[in-house]
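*Asks:* Given the structure of chain H, go ahead and fit chain U onto it with the hints provided.
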Amino acid sequence: MNRSYVLRLALVWVAIFLLLAGAFRLLEFDLAFMSHWVGFLFQGIGYTIIVSAISIFFAVILALIGALARLSRNPVANGISTFYVSFVRGTPLLVQVYMIYLGLPQVGQSLETLGVKMMGTGAPAWVPGLFAWLAGLFVLDAIPSGILALSINYGAYMTETFRAGIQSIHGGQREAALALGMTPAQCMRRIILPQALRIVIPPVGNDFIAMLKDSSLVSLMGVMELTWRAQKVGRRYFRSLELLTIAALFYWIMTIALQTVQGRIEERLGRGRQR
Amino acid sequence: MASTSVIKVRNLHKRFKDPAHRGEWLHVIQGVDLDVEPGQVVVIIGRSGAGKSTLLRCLNFLEDPDEGTVEIDGVEIRAGEHNRERTRQVIEIRMKAGMVFQSFNLFPHMTALENVVEALITVKKWSREQAIAKAEEELKWVGLLDKRDEYPIRLSGGQQQRIAIARSLAMEPKIMLFDEPTSALDPELIGEVVEVMERLAREGMTMVVVSHEMHFVRDVANRVIFMDDGLFIEDAPPSVMFTRPQDERTRQFLTHIL
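Protein chains in written order, with the numbering used here: chain H, 749 to 1023; chain U, 20 to 277.
Treat the hints as calculated values from the structure; they're not laboratory data. Hints may contain errors.
To be verified - Residues from chain U that face chain H, not an exhaustive set, calculated with beta carbons under 8 Å:
1. 79
2. 114
3. 122
4. 124
5. 174
6. 190
Backbone N, C-alpha and C define an ideal beta-carbon position, used for all residues, glycine too.
So that you can see chain H by itself, here it is in the shape it has in the complex:
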């Protein structure tokens, strides 16, 4: 890339921003209104980050278990894993979010009814109590529901990433480990996984960035995160465009920051592997 090309590229970006600024003027963006609410929206970022960070943590664990199950010769483990990946990847995240937030309480209710029905059948007295307790587990608050949905969804996608990462490790590594007397489990833990994890860090980083944006879906459950705040306030004052623009900018800045961090991590990891 020569310098005049970079200059022209920069000019195009500047032009785009100028055009957008002009458009916002024409649409009579209320800057005072925006600056009044920007702090309120900013507080939503905390929820966005917390939900995403916890979800990516559980998604990684699910993906690790899913990938090991997928690669095992055990038909039960393999069957459950393939079903999980196929079903979750084959259905929209939005439907999954609703199934967990709206569908799970229904499961809980059915359990409770079942317990009540068993009261006259000679079952021990503690059975209905147990069912009622179980039912309670199915009614989740908004934030746990959101974390559950995102973890399950991303866990399924990342299962495939982890599987590919593990399979990309050359077979000679396994053979060398086994030839030294390691058990298959020791070989996986000490030799294969450390190498595979290093390989999957970039795609997992991408998933984290994608999740940051998909976490906006949990606003549907009433989590007071960034999108929820923008939508609520925007609707009330019929100033949705202004507030959604702020929310969009926040997401954008966060992803740019994360991409920078990701680049640094990759650079650092690459160092040991260079001649």
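*Replies:* The following block gives chain U in isolation, referenced to the frame of chain H:
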């Protein structure tokens, strides 16, 4: 008379699914017997696909034999048995039989020292200090103590292979299996690996080597076995094998490599 063999193989068979013809099987090892006395150096030669590597890999059960028995230093495994006891025996045999691979297979995420230390800790349950002392001793023996903290990628092929040998020797094996240890090396790096192998032979290690490295075969081997189509065709000291081969197939093969 009780057998003194440290390796005893009887009627070994191995079949693979034929990748080119569905439902058909390749009979890669067609009933092999092998006895190796302690301290012997046996080199197996033969054209590619003759079953040399497969035989070697059956000795430490990286391949599962289909028929026959393998006995290493008193631990005998019969083909076809699959139970908890066998799993334990396989690990026992692998600890008694070190293996060196054509492609080195060092663990790239570990330094040279960590490569050697690893199995001492995970398999032999040694303490870290004990393992490091042993690993340093082995690295010194292969002449690479100064590379202890280097990652494999920064080492030459010859250095990597010597560290792989040190990694195997640290486990104090009874026998060493070498699967084409110099085939992946640039010509100028072969010497340093052969030198280490020669030293090992002189110290009395029992070795089974798949290699066409003639210098090593002539100077170090006690026995040369020519293998073809999954069978031992000829088994003789190198001086006899190279001057008076008995079988026509051996003769033909030797004209290619000598």
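*Asks:* Are the hints correct? Go through all of them and say.
*Replies:* To see whether the hints hold, each was checked on the structure:
Hint status for residue 79/U: holds, given a least beta-carbon distance of 6 Å to chain H, under 8 Å. The interface hint given for residue 114/U is met, as the beta carbon of that residue sits about 4 Å from the closest beta carbon of chain H, less than 8 Å. Look at residue 122/U: its Cβ gets to within about 5 Å of chain H, closer than 8 Å, so that hint holds up. For residue 124/U, the interface hint holds, since its Cβ comes within 8 Å of a Cβ in chain H; the closest pair sits about 4 Å apart.
Violation of the interface hint for residue 174/U is found here, the shortest Cβ-Cβ separation to chain H being roughly 10 Å, above the 8 Å cut-off. With a least beta-carbon distance of about 6 Å to chain H, the hint placing residue 190/U at the interface is held under the 8 Å criterion.
Checked against the numbered hints above, the structure breaks only hint 5 and satisfies the rest.
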